Amino acid sequence: MGDVIGAFKIAILTYILGLFTCGLVGVIILIVRKITSNREKEIEQT
Amino acid sequence: MNVTNLWDFFPGLYSFILMEPANALIRILLILIGIFLVYMGYKDKLDPLLMLPMGFMMAVVNGGILITGGELGTLFVDPMVSEPGKLLDALQINFLQPFYNFTFANGLIACLVFMGIGGITDLDFFIARPFLNLFLALAAELGTILTFPLAVALGFSFKEAASIAIVGGADGPMVLFTSLMLAKHLFVPIAVMAYVYLGVCYAVYPYLIKLMIPKRLRAIPMDPMEIRTVPSSEKFAFAIVAGVVLSLLFPVAAPLFACFFFGVAVKESNIGRFREFLDILLSGSTLFLGFTLGALLSVTIVMNPKVFLILILGMVALLLSGIGGLIAGLIACKVSGGKINPLIGIAAVSCVPTTAKVAQHCAMEVDETILILPYAMGPNVAGVITTAILCGIYVTLVPLF
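From first to last, the protein sequence lines stand for chains A and B. So the first sequence is numbered by our numbering: it starts at 901 and just counts up by one. So the second sequence is numbered by our numbering: it starts at 90 and just counts up by one.
If you are wondering where the hints come from, they were derived from the structure by calculation, not from laboratory data. Fair warning: this is a prediction, and the values are worked out from it, not measured in the lab. Heads up, a few of these hints could be off.
With a straight-line cut-off of 30 Å between C-alpha atoms, the simulated DSSO-like cross-links for lysine-lysine are [said to hold, decoys possible]:
#1 B:K132 / B:K299
#2 B:K428 / B:K299
#3 B:K395 / B:K175
#4 A:K934 / B:K428
#5 B:K304 / B:K428
#6 B:K134 / B:K299
#7 A:K909 / B:K395
#8 B:K273 / B:K395
#9 A:K909 / B:K175
Simulated restraints on C-beta separations [to be verified]:
#10 A:E942 / B:G427: 23 to 31 Å
#11 A:I935 / B:F490: 37 to 45 Å
#12 A:I943 / B:A242: 55 to 63 Å
#13 B:A113 / A:L924: 49 to 57 Å
#14 A:I943 / B:S425: 28 to 36 Å
#15 A:I935 / B:L177: 48 to 56 Å
#16 B:H274 / A:I943: 55 to 63 Å
#17 B:P295 / A:Q945: 50 to 58 Å
#18 A:G923 / B:G373: 31 to 39 Å
#19 A:V927 / B:P340: 15 to 23 Å
#20 B:S425 / A:G923: 19 to 27 Å
#21 A:Q945 / B:S358: 21 to 29 Å
Covered by chain A, per the in silico footprint, the following chain B stretches (three or more residues, Cβ under 8 Å) [said to hold, decoys possible]:
#22 210-224
#23 320-330
Note that beta-carbon positions come from the ideal geometry of N, C-alpha and C, so glycine has one too.
Assemble the whole structure, with the sequences as input and the hints as a guide.
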């Protein structure tokens with residue numbers, strides 16, 4: 901029984917870490933989008 | 090000439106007599122299943138790229154059992170051999186042994202397949218709506234999360250349970266990688282079950298969809314022209330940054346991240362020779378993957394008492410992930426005011442591009458003019474990335490407990 905509770909804890913921890921990492925991936929996409937669109941605007945202006 | 094000498098001419102047939110009757114029956118059954126898989130692949134009912142080599146080798150290896158070194162075995166591969174002297178003998182005798190030891194046992198084949206997948210993955214639809222796609226993909230990992238404690242409750246260790254649970258992510262290379270890292274002794278049944286079930290997704294998920302999604306919601310149209318065009322530079326930059334950051338966070342799974350995002354980077358940098366090579370690499374790796382997995386399905390190897398439980402848990406994991414994806418699809422549909430077709434939720438169960446095709450197929454059953462495939466590819470690719478992330482977390486976290 902203790903093992904199963906421990907496994908639940910690991911599963912929840914895994915999901916929380918997964919949530920955090922996926923959020924980070926989303927943020928990376930937004931930052932990359934911002935930088936590349938700024939670069940393209942600069943190129944268009946020049 | 091006595092009878093025994095006559096049998097010596099046909100050691101394959103003679104091995105049937107030497108076996109326990111139950112094992113001999115299972116051996117015949119495995120030959121028949123192998124032929125059935127070849128047929129299903131040939132008819133395009135299951136993925137032919139994998140089923141053809143795997144089914145063929147499964148049938149052949151169970152036919153080719155003979156006595157080697159006083160025991161029943163084959164001249165194909167022995168995955169259990171580890172003692173250096175015996176391994177050296179096996180490398181010189183079994184024709185697939187070098188391939189198994191130098192590409193399977195170290196996870197190289199999973200990385201090569203993943204690099205090839207990266208080379209054909211289009212990130213457009215994923216990057217266009219990243220948070221929606223990641224939300225769907227995380228929900229579609231329900232099986233990966235819940236199967237873990239379920240497997241522990243059924244008597245598996247944490248490492249074994251994590252290797253089985255990752256089947257819920259429906260991504261072959263990740264299943265190979267996790268089981269090789271955490272539970273090498275269960276690698277064969279887990280990997281084979283995962284690849285067979287990925288083919289089954291195509292057949293089972295439509296029924297799950299019909300059970301959970303009302304017909305009127307399946308018919309919600311989505312205009313592909315509304316998807317933002319993502320410049321190649323953005324996709325390339327994302328691949329490089331994501332590859333580095335995820336490797337930094339989960340060094341144990343860094344080979345997987347490196348290979349996938351390098352494949353994406355090659356595609357987006359449009360280096361013709363590299364792209365051609367990645368195409369060939371994916372085809373070659375998939376062929377040898379199926380070939381070797383089939384050869385591992387000899388009756389002498391699969392007779393593991395845990396196999397039956399693994400079969401059930403794998404199916405539970407995939408069903409739970411499908412249910413999670415569809416629930417998230419329904420939530421997205423509700424929140425968007427009915428603008429999102431909930432079917433794209435099933436595509437979040439990775440398995441590129443099978444589940445996205447299932448979503449499109451089920452939508453077309455209601456309305457033949459509907460095109461949701463481009464939208465379904467977004468969560469589909471997000472599913473690959475989230476499964477790789479969860480694989481990285483399991484491989485890192487589980488050995489600590």
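Hint-by-hint comparison with the structure:
1. B:K132 / B:K299: 25 Å, holds
2. B:K428 / B:K299: Holds. K428 (chain B) to K299 (chain B) sits at ~20 Å (cutoff 30 Å).
3. B:K395 / B:K175: 26 Å, holds
4. A:K934 / B:K428: 27 Å, holds
5. B:K304 / B:K428: Roughly 15 Å separates the two Cα atoms, so the pair holds.
6. B:K134 / B:K299: 20 Å, holds
7. A:K909 / B:K395: 24 Å, holds
8. B:K273 / B:K395: OK: K273 (chain B) and K395 (chain B) at ~14 Å, within 30 Å.
9. A:K909 / B:K175: 42 Å, violated
10. A:E942 / B:G427: 23 to 31 Å: 40 Å, violated
11. A:I935 / B:F490: 37 to 45 Å: 39 Å, holds
12. A:I943 / B:A242: 55 to 63 Å: Holds, at about 58 Å.
13. B:A113 / A:L924: 49 to 57 Å: 54 Å, holds
14. A:I943 / B:S425: 28 to 36 Å: This hint holds: roughly 35 Å between Cβ atoms.
15. A:I935 / B:L177: 48 to 56 Å: For I935 (chain A) and L177 (chain B) the Cβ distance comes to about 54 Å; the hint holds.
16. B:H274 / A:I943: 55 to 63 Å: At 56 Å between Cβs, range holds.
17. B:P295 / A:Q945: 50 to 58 Å: Taking Cβ atoms as reference, P295 (chain B) and Q945 (chain A) lie about 51 Å apart, which means the hint holds.
18. A:G923 / B:G373: 31 to 39 Å: With Cβ atoms ~37 Å apart, the hint holds.
19. A:V927 / B:P340: 15 to 23 Å: 21 Å, holds
20. B:S425 / A:G923: 19 to 27 Å: Holds, since S425 (chain B) and G923 (chain A) (Cβ atoms, about 20 Å apart) stay within the stated range.
21. A:Q945 / B:S358: 21 to 29 Å: 25 Å, holds
22. 210-224: holds (count 4)
23. 320-330: Holds: 6 residues of the stretch 320-330 of chain B have a Cβ under 8 Å from chain A.
Violation of the numbered hints given earlier is confined to hints 9, 10; the remaining hints are satisfied by the structure.
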